[in-house]
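Based on these hints, arrange chains B, C and D on the given structure of chain A.
Next come the chains, spelled out residue by residue.
Number of protein chains: 4
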Amino acid sequence: MLESLKKKVYEANMQLPKLGLVTFTWGNVSGIDRDKGLFVIKPSGVEYDKLTPDDMVVVNLKGEVVEGKLNPSSDTPTHTVLYNKFPNIGGIVHTHSPWAVSFAEAGIDLPALGTTHADTFYGKVPVSNALTEEEIKTAYEKNTGDVIVRTFRERNIDPEAVPGVLVRQHGPFTWGATPDKAVYNAKVLEVVAEMDYHALQLTRDNIEVPQYLLDKHYYRKHGKNAYYGQKN
Amino acid sequence: MLESLKKKVYEANMQLPKLGLVTFTWGNVSGIDRDKGLFVIKPSGVEYDKLTPDDMVVVNLKGEVVEGKLNPSSDTPTHTVLYNKFPNIGGIVHTHSPWAVSFAEAGIDLPALGTTHADTFYGKVPVSNALTEEEIKTAYEKNTGDVIVRTFRERNIDPEAVPGVLVRQHGPFTWGATPDKAVYNAKVLEVVAEMDYHALQLTRDNIEVPQYLLDKHYYRKHGKNAYYGQKN
Amino acid sequence: MLESLKKKVYEANMQLPKLGLVTFTWGNVSGIDRDKGLFVIKPSGVEYDKLTPDDMVVVNLKGEVVEGKLNPSSDTPTHTVLYNKFPNIGGIVHTHSPWAVSFAEAGIDLPALGTTHADTFYGKVPVSNALTEEEIKTAYEKNTGDVIVRTFRERNIDPEAVPGVLVRQHGPFTWGATPDKAVYNAKVLEVVAEMDYHALQLTRDNIEVPQYLLDKHYYRKHGKNAYYGQKN
Amino acid sequence: MLESLKKKVYEANMQLPKLGLVTFTWGNVSGIDRDKGLFVIKPSGVEYDKLTPDDMVVVNLKGEVVEGKLNPSSDTPTHTVLYNKFPNIGGIVHTHSPWAVSFAEAGIDLPALGTTHADTFYGKVPVSNALTEEEIKTAYEKNTGDVIVRTFRERNIDPEAVPGVLVRQHGPFTWGATPDKAVYNAKVLEVVAEMDYHALQLTRDNIEVPQYLLDKHYYRKHGKNAYYGQKN
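Residue numbers (numbering that gives the first Met the number 0), protein chains in the order written: chain A, 0 to 231; chain B, 0 to 231; chain C, 0 to 231; chain D, 0 to 231.
Chain A with its partners taken away, still in its complex shape (with noise of 0.2 angstroms):
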């Protein structure tokens, strides 16, 4: 079932360590079908070297489990969440990175100081709000999905363009058309958020770039103007 997806999703699983985006067990990555409506999902707590495509989960939109031997991971209810609600995403990172997860934990949002940036995310990749005490002790893996579209919605954030977030006092997701893309983020937050750290270090003078430079290098790689890479 699946098994062209969950070779992909596999492979995309084990960039993470390669990345150097995961520590232990730390991470995990999916990706969907839409036309079927499923998505395959790495096992809880397995290790990376001891991962095969096999051991992926088929997991449906509302969350239940359809195929596997093995526990999905523990985020399973927040990737479901992510998935019915960002109906254009077809592939979902978490990891506990570090720099990303220093911003998580200092409540700051990941400003745009550079082209870097501005290359994959079209503005402030956005901390989350805080889940409230009841959300945390009921479904809490479900409230953080909820919590990440309910932030986006309320900061009118477009996810397409803002292809992830910090989740307050946890760390990042990142998505995207597909899993190896939502990786592909997942990395590119990591190192913004080192090269961020330093500039705010050196300065907290306002540096954000301005609104004509994120527009330029957000659409030189992005939409039906871009002209980064080759023409396939």
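Calculated directly from the structure, the hints in this document are not laboratory data.
Note that beta-carbon positions come from the ideal geometry of N, C-alpha and C, so glycine has one too.
A few of these clues could be false.
[To be verified] So the derived label-pair ranges between C-beta atoms look like this:
1. A:H221 x C:A225: 46 to 52 angstroms
2. A:K84 x B:N205: 29 to 35 angstroms
3. C:P16 x A:T202: 26 to 32 angstroms
4. D:K141 x B:E153: 56 to 62 angstroms
5. B:P86 x D:Y226: 26 to 32 angstroms
Frame of chain A, contents of chains B, C and D only:
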């Protein structure tokens, strides 16, 4: 004698350089056989790439060497105290991992700023009290163990819920149910110290997690209602 | 066509990931044949581990592709301007190396704080002037080249003595007599930015080196009285 | 001539890149044969992966090359002074390791903030006095040696108890009984500088260790009552 435990302790020691937790020979792991009342520990000052399981030294709970050609770690009296006073722990690690040492040198408890911390440490990781001049001059390593125990008692911290300490002006000790878990906790402590350092440089607002987030994440991975990972 | 130069430029490009200067495809090296008035540059957006010498693109000094199956780097117009206006340089590098980017984002010139800097850069590495909205919206990459040239002219900096710049809110460009030397300068810039960042966090006193130390170290490695290294 | 020492010095040089202490060719190790009054040093500007034991240069205590096809390190006059004035040292290392350089650039002594420092350096590692313009313009490398010696004399620091210095606006020199021990001290200095940098950013309270902790840790590893490691 204790061949299986020696092998486990050897392998746990070899994890330290792989996880980036030691420079030169600055680290040691021990593990205990509670039934026999004996623990196994790395020899003092031996390079990791020359270490073998047979080099491990067997020590009793009075801190006396029972078997072994080599001197045990100079920190053996600290391990002895901890095994005596923390009766449920099965393994102990000491390193000079740099982020944890920085908090130990600064004398600042490692605060719980996020879920990465809360998944493993149920509250602040304390900096130990200072040793007096007398305590340093006489039976220093034993007194280091005593000051750890005293710190936990005075501050009413459960060593099973917070399996680590920052010895003031020295560095981290961690422990766990097994030598492997103690190593795991040593790595988590280092990663969390790195994240927290950067969060604290971004803001000095109170950003500690609320108690209910600490509860949620700690008990997600510990105790009878834990639901992270696979049932074995 | 220019097979030998293509090989050199290819090899210089492959140094970037080895030296830890690039993430994904975010970097490019070019090299020029001054006699023929043609330069060779990396194709746009191609992954380093798939790159071959044959993929290199040949461009003339009007910025027109003369040979090559692939699109040249999107930064080609910047390279074109620099080759035209800096007539003695033989190679150019652009990266998003994180320490250098942090200074570019903060808008702070990289000061000469020590001999590591002075050995390669004869004075501050400047942050370029900002591009205007008009300059960003039209012929952005060409205008990036122009603003670099203008910055050096207005601040009376010799591009041979200070072979690099931090493009504001973007990142570093370096150059040199050959592609290899331009790569060397890119690495020095990154290392110096790391050292200087930490020095500036330790103290904000004026710690710039005196002119005579700058003279000593720069001319120890450059010009007819250089005495570092071997005579060939 | 001195084949065994050449091999030791070669191997000590090759430790520098393995320990992450050098970029490019920015480092050198020497070792002395006190009986013959000759020392062996790395040639200037040769890449580590091309170095062989035969490339090592033999120099006498006047700083004259006695044997060798290649130019000795440009820092040879500094080594010469140190061997003459510090009669008990057997090996010297110079690097531009980034954390140590940051303190040298900032002009801040590396304070003893913990046991990692005290195990190797019996007190602050000093920043050298500044060289005058005259001293930099004439016999610069010899004067660098002289200013190190003068700094230790004026501040009454024993170079055997504190086997290293931060040359102001330049970088670290370390030394030891053998070339290997000098390399060990170079690594300790770098690690301690990293730890201390972060501790000092966490707090600017006085966090230097008390004298009795310095005594305990230094003499735990040095002198006739040392008890760390194995008796050989």
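To see whether the hints hold, each was checked on the structure:
no., hint, result
1, A:H221 x C:A225: 46 to 52 angstroms, "holds (48 angstroms)"
2, A:K84 x B:N205: 29 to 35 angstroms, "holds (32 angstroms)"
3, C:P16 x A:T202: 26 to 32 angstroms, "holds (30 angstroms)"
4, D:K141 x B:E153: 56 to 62 angstroms, "holds (58 angstroms)"
5, B:P86 x D:Y226: 26 to 32 angstroms, "holds (29 angstroms)"
Every hint, counting from the list given before, is met by this structure.
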